[in-house]
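S.K.: Using the hints, put the two standalone chains together into the complex.
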Amino acid sequence: MNTITFTNENKTIQAENGENLLILMRRAGFKPDAPCGGNGKCGKCKVTLGDGSTVLACQTKIEGDLTITDIHGTPQDAQILMDASIPAGKKAAAVPRDNEIGEAQEKIPVSGPMLREKKVTVRPCPNGESISDWTRFAEGVGEPVKVDPRVSSKVGRMARGNGGTVYAVLFGNEVMDVYPESRDCYAAAFDIGTTTVAGYLLRLIRAGEEEDSEKTEPCVVTTDSCMNPQAQYGADVINRANYALENGMEEISACIHAAIQKLLDSMADKAGISTEDIFLISVAGNTCMHHLFLGIDVDSLVHAPYNPAVSDPMILRASDYELKAHEKTRLLMIPNIAGFVGADTVACLVATGLAEQEDWTLLIDIGTNGEMVLGRNHKMLACSTAAGPSFEGAGISCGMRGSAGAISKVVWADDHWECGVIGDGKARGICGSGLLDLAAELLRSGQMDEYGELDESPLVLTDGEHSENGKPVTFEQKDVRQLQLAKAAIASGIHLLAKKQGIGIDEIRTVWLAGAFGSFLSPESACRIGLIPEELNGRITAVGNAAGEGAKMVLTDAQMWEYAESISKESGFLELAAMPEFQDRFVDELMFPE
Amino acid sequence: MSAILEELAGLVAAGKAKIVPGKVQEALDAGEAPIDTLNCMIGAMDVVGERFKNNEIFVPEMLIAARAMKKGVEVLKPMLAEEGGVNAGKVIIGTVAGDLHDIGKNLVSMMIESAGFEVIDLGVDVPAEKFVETYRANPDTKIIACSALLTTTMPSLRDTVALINEQDFRKDIKVMVGGAPITAEFAAEIGADAYTEDAASAAAKAKELVA
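If you read the sequences in order, they're chains A and B.
Numbering-wise (my numbering), the first sequence opens with residue 1 and increments by one.
Numbering-wise (my numbering), the second sequence opens with residue 1001 and increments by one.
Same shape as in the complex, but just chain B (with noise of 0.2 Å):
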C-alpha cells in the first residue's frame, strides 16, 4: 500500500472525519484508483471492527471511524459509479416497527456499507410490511436485516421475521437479526437465519451469508 494510503488508513481508523474527505482527494490527485482507495478504508474499518470484537475499541470509537469512512467514501462515490464499483450485494436494513432507536442499527449499516454492499437503510419503526414492499421494489436484495433495541419490541422483531418467513421470495434471501435485547436462541426461535453480537460481526456474517 502506498504511503498516502497508509495514511488515510490511519485516519479512517481514528475517526478524523474532517480530514479524510481531503485525504481521499489527495490521494486520487497522486493516482490511486478509486476503488483502491474504497478498498483501503474498507480494510481500515475491518481492524476497527476486529479491534470492536476483541473488546479492545469501543461503540464510540466505531461510530466516529464509520462516520470518518462515511464522509471518505462520499468522495469517492461518483467515481466508484463510474466504474461500476464493488457490489457484493444489497442488504435492506431497519429498525422495527415500535421502536425509535436506531444508532446500533445504523452502525450495523455502516460496517456493512463498508464491506462492499449497497445499504437501503428503511430507518425507524419500519412496519413490517415496508420491509416486503421493499424487496419487492429491489428483488436483488441478498439480506434483509432487521433490529430491536428495546425488550418492549422484540415481539415486533417476531411479527417482522414472521411476515418475511411468509413471502414466497424467502429462500432468496437471508435474514439477519440484532439488538441489544436479542439472543441467537431468540433469532433462532423467530425463524431468523443469522444473529450477530456486534456490528463488526454482522458485516463478517453478511459476506459469509452471500459468499
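Just chain A, same shape as in the assembly (with noise of 0.2 Å):
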C-alpha cells in the first residue's frame, strides 16, 4: 500500500501500485476536471507534485507514496462558489432580545453550541421500587429534558448493557438520540440559490470531546453542489413561481427535496459517516426557493406588494420534507425579510456581521437579482433590484456563465482585444466579469460614449480560428442596451439605499461583494462602468459565498441563530419600484460614467 498526500485539501489516501491517480482522485472525492476522459488529451487533470514538477493525473500511475501539492482543473460545475472570505473585524454577537416568542417554537439552545453531546449515567432501578427508565435517564442528563418515547423505549436496556453509560445527542431540551458510546455528529448547510445549490457537512461534535480537554472547533468534512434542479421549471424565480401556481408545489418542491437528500448522501459517502449521523440541517435561499422547498403557497410572492407568505425562522421536522437522514433530524429554516430579500442575504448579513460596523457598509449579492443592503450599527436597510441575468451570460449575444471557456478578462491593447478565459483554452464566450472589463476598457479606449454607443457593432474579441468552436466571439451594440440595463438596476439600487439612510454614497467606507460574480469581476471596471459607484473605488472586497458561511454559522451557535432571527427583524427593506425617484435615477444610470 502507498501513502498519497494532497496537501492543499489536507487529505491521504491508500493506494495500491498501479492504480491510477485521477480514479483514485475521484474516489477521494476531489471531482478532478477531466473533459476528455482521461485520455491525456486535454490537459485539464494536471496537478504538481511534492517535488514541483506537474503531471497529468490521469497518465499517472502509482508506484510509491506520491504528494501532491497543487490539483490544478475545477471542473465547470465548480464554479459554483464555495468558499467564503469574511474580512476580520467586528463580527456578529448576539443581540439580546425578549424571550416572548409566545406558541411558537419548542424552546433551542439559547447559547452555547446547537448540538451537544452528553454522558449520562443512568443509575439501576433499585429493587422494590419502579422508577422508569426515563425518569432515571433524565435525572443523569442533569437539566429538563422532553420526554422521548424513542429514546425512552431502548435507554433502559442500553444502559444495562454498557455498565450504565449512555450518551445522549442533545438538540435544546430535545434527546435527539443515545448511543452506547461517544460518536461524531453531523449537520449539514445548504445554500439553495435559484441556479446553483451548495452543500457543507459540518462535524460538530468530535467522538470522545466530552473527555478532551480542549474542545474541536466544529469544521467543514466535505462540501458538494449541483444545478437546481428546479431549473427545468423556469429559469428565474417569477417562472418558477407561476409554475407553481398552475400546476401546484408538489413536483417542484420534490425536486429540490431529491436534490438535498443526493448532496446529503453524496456527502456523508464523501465523509465515509452514516446520513444517520446528520442531526440538524440548515438552509439559507432566497424568499421564493425558501417558500418552494417548504410548499408554501408562492402567491403573495409574485403579487404586488409581492410579500412572503412567512418570514420567521423555523425548526422543523427534516423528515416531514423527504429529507432521510436522522429520524429525528431538525430543518432550520433561515428567516427571510422580504420578498425579495431572503434567508440567503439573512446569511450573508450572518456571516459578515454587517449590523455590527461602526461605519457605513454596503453588502451586494450580485445574482438574477442584486440583493443589497446598506446599514451600521444596527441600522440596515435592504433593497432588491431586477438586475437581470445578463452578468449569467443570458440575453448577451455571446454570453456565458463563469465557466471554462468563458472570457473573463479583457484588455484593449492599442488595436487589439487581450482576453483572459476561464481554464487557460480556448475561449466560447463572454460572461459577467469579462463584460465588465470590456465595456471599462470601451469607455477608456473612446470606443464607445457615455450614452453606450459603440463605435464599430459587433466587435471581434476572439476570431473565429482561434476560438474554441470556430465561431467568432463577438460583442454587439444591443449587448450593451443589456449591460446598461442591469447596470442601472443596481446602481440605482445603490443610490436610492444611501438616500434613504440619508447618507451620502462617500460616506460608505466598505462595499463586500457577495456570490460568485462578486468574486470574479474586477472592482476598477465595476466602478469604471458605474455599475458601483466611483466614489467606491478601493473600498470593494469580495467576500466569497457569505450565504453559505451564515448557514454554517447558524449550525454552530445556537447564539448565531437567535441573531439570524434579530437581524432579519431590524433590517428594513426598500421597494425600489415604489419610490417615484426610481425612474429617474434608473434612466440616469442607464448612462455610463463620462
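Hints in this document: simulated from the structure, not taken from any laboratory.
For glycine and all other residues, C-beta sits at the position ideal for the given N, C-alpha and C.
You may find that some hints are simply not true.
[Claimed, not checked] Label pairs and their calculated CB-CB ranges: (1) Glu1050(B) <-> Glu570(A): 50 to 56 Å; (2) Lys500(A) <-> Asp1140(B): 37 to 43 Å; (3) Ile23(A) <-> Pro1181(B): 26 to 32 Å; (4) Lys1053(B) <-> Val460(A): 23 to 29 Å; (5) Gln1025(B) <-> Gly470(A): 54 to 60 Å.
M.R.: Listed below in C-alpha cells is the structure:
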C-alpha cells in the first residue's frame, strides 16, 4: 500500500501499486476536471507533485508514496462558489432579545453549541421501586429534557448493557438519540440558489470530546454542489413561482428535496459516515427558493406588494420534507426579510456581521436579482433590484456563465483585444466579469460613448480561428444595452438606499461583494462603468459565498441562530418600484460615467 | 425646419436631457412658435420609435430620449396651455393590480404623450375599479391602456379588462393592453381592442384608434 497525500486539501488516501491517480482522486471525492475522459488529451487534470513537477493525473500510475501539492483543474460545475472570505473585523454578536415567542417554537438552545453530546449515567432501578428508565435517564442528564418515547424505549436496556453509561445527543431540551459510545455528530448547511445549490457537511461534535480537555471547533468535513433541478421549471424565480401556481407545489418542491437528499448522501459518502449521523440541516435561499422548498404558496410573493407568506425562522422536522437523515433531524429554516430579500441575504448578514460595523457598509449579492443591504450599527436597509441574468451571460449574444471557455478578463491593447479565458483554453463566449472589463475598456479607449454607443458593432473579441468552436466571440450594440439595463438597476439601488439612509455615497466606507460574480469581477471595471459608484473604488472586497457561510454558522452556535432572527427583524426593506424617483434615477444610471 | 429646431430634434433623439430644456428656450427666444417646437420634438421621438421598432436602438435609448423630450415639454407646457396646444384626446394608463412594474408602462406613457395625447397615469398596482372611476371623472377619455409585466399578473389584466368591458361607456373608448408576457391572442381573448409589442407601436396604434 502507498500513501497519497493531498497537501492543499489536507487529505490522505491509500493506493495500490499501478492504480491510476485520476481515478484515485475521484474516489477521494476531489472531482478532478477531465473533460476528455482521462485519455491524456485535454490536460485539464494537471497536478503539481511534491517535487514541483507537474503531471497529468490521468497518465500517472502509482508506484510509491506520492505528495500532490496542487490540483489545477476544476470542473465546470465547480464554478459554484463554496468558500467565503469574510474580512476580519467586528463580527456578529448575539443581541439580547425578549423571549416572547409565545406558542411559536419549541425552545432551542439559548447559548452555546446547537448540538451537544452528554455522557449520562443512568442509575439502576433499586429493587422494590419502579422508577422508569426515562426518569432515571433524565436525572442523569441533569437538565430538563422533553420526554421521548423512542429514546425511553431503548435507554434502559442500553444502559444496563453498558455499565450504566449512555451518550445522549441533545438539541436544546430535546434528546435526539442515545448511543452506547461517544460518536461524531454532523450537520449539513445548504445554500439553495436559483441556479445552483451548495452543500456543506460539518462535524459539530467529535467522538470522545467530552473527555478531552480541549474542545474541537466545528469544522467542514466536505462539500458538494449541484445545479438547482428546479431550473427545468423556469430559469428565474417568477417563472418558477408561476409554474407552482399553475401546477401545484408538489413537483417543484419534491425535486429540490431530492437534490438536497442527493447532496446529503454524497457528502455522507465522501466523509465515510451515515446520513443518520446528521442531526441538523440548515437552509438559506432566496424567499422564493425558501417557499418552494417548504411547499408554501408563492402567490403573495409574485403579486404586489410581493410579501413573503412567512419570514420567521422555523425549526422543522427534516423527515416532513422527504429528507432522510437521522429520524429526528431538525431542519433550520433561516428567516427572510422580504419577498425579494430572503434567507440568503440574512445568512450573508450573519456571516459578515454587517450590523456590527461602525462605518456605513454596503453588501451586494449580484445574481439574477441584485440584493443589497446598506447599514451600520444595526440600522440596516435592504432592497432587491431586477438586474436580470445579463451578468450570468443570458441575453448577451456571446454570453455564457463563468465556466471554462468564458472570457473573464479583457484588455484593449491599442489595436487588439487581449482576453483572459477561464481554464486557459480557447474562448467560447464571455461571462459577466469579462463584460464589465470590456465595457470599461471600451469607455477608456473611447470606442464607446457615455450613452453606450459603440463605434463599431459587432466587434470581434476572438476570431473564429482562435475560438473553441470555430465561431468568433463577438460583442454587439444590443449587448451594451442589456448591460446598461442591468447596471442601471444595481446602481440606482445603491443610490436610493444611500438616499433613504440619509447619507452620501462617499460615506459608504466598505463594499462587500457576495456571490460568484462578485468574487470574480474587477472592482475597477465595475466602478469605471458605474455599476458601483466611482467614489467607492478602492473600498470593495469580495466576500465569497457568504450565504453558505452564514448557513454554516447558525448550525454551530445557538447565538448565531438567534442573531439571524434578530437581524432579519431589524433590517428594513426598501421597495424601489414604489419610490417615485426610481425611474429618474434608473434612466440616469443607464448612462456610463463620462 | 430651422437650424435650431433641427439641432433640438437631434438632442432629443440623443437623449440629452440636460441640454434640451435650454435649447427649447433658445428656440423660443429665437422666435419659434411653441407648437412648432413641440412638433419638432414629437417628430424626433417618432424617429426614435421607428428606429426602436427596427431594432436599431433598444429600451435604454428609448428611455433616455423620452426623458429628454419630457424635460423639453416641461418648458413648453405653460405656453402650450395658453395656446390650447395639440390634443389628440385623453388616455388613462396604469399597471394592473398586483404588479409594481412601471418602466415599460412609463415608456408607453411618454410615447403616447409625445404623440399629442393628454395622459392620465394612474401608476402601478392599480385596482380595476380605479380605471373605471378615473374614466367617470374624465368622460372625454378616448383610450384606457393597461399593462402587466409578470406572467403572474396576467389574470389581473384579464379581470381589469373584464370590468371595463362591463361598463356602459365601453363603446365610447378603446382598450389597449401590453407588457412583456402579453400576446395579441391573449389581448383578443380577454376582450381588449388592441395590443402592441412596444412603446412606439403603442403610440402609433393609439393615434390610429382615435382617428
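S.K.: Each hint: holds or not?
M.R.: We went through each hint and held it up to the structure:
| no. | hint | verdict |
| --- | --- | --- |
| 1 | Glu1050(B) <-> Glu570(A): 50 to 56 Å | holds, 51 Å |
| 2 | Lys500(A) <-> Asp1140(B): 37 to 43 Å | holds, 39 Å |
| 3 | Ile23(A) <-> Pro1181(B): 26 to 32 Å | violated, 49 Å |
| 4 | Lys1053(B) <-> Val460(A): 23 to 29 Å | holds, 28 Å |
| 5 | Gln1025(B) <-> Gly470(A): 54 to 60 Å | holds, 57 Å |
Of the numbered hints listed earlier, the single one contradicted by the structure is hint 3.
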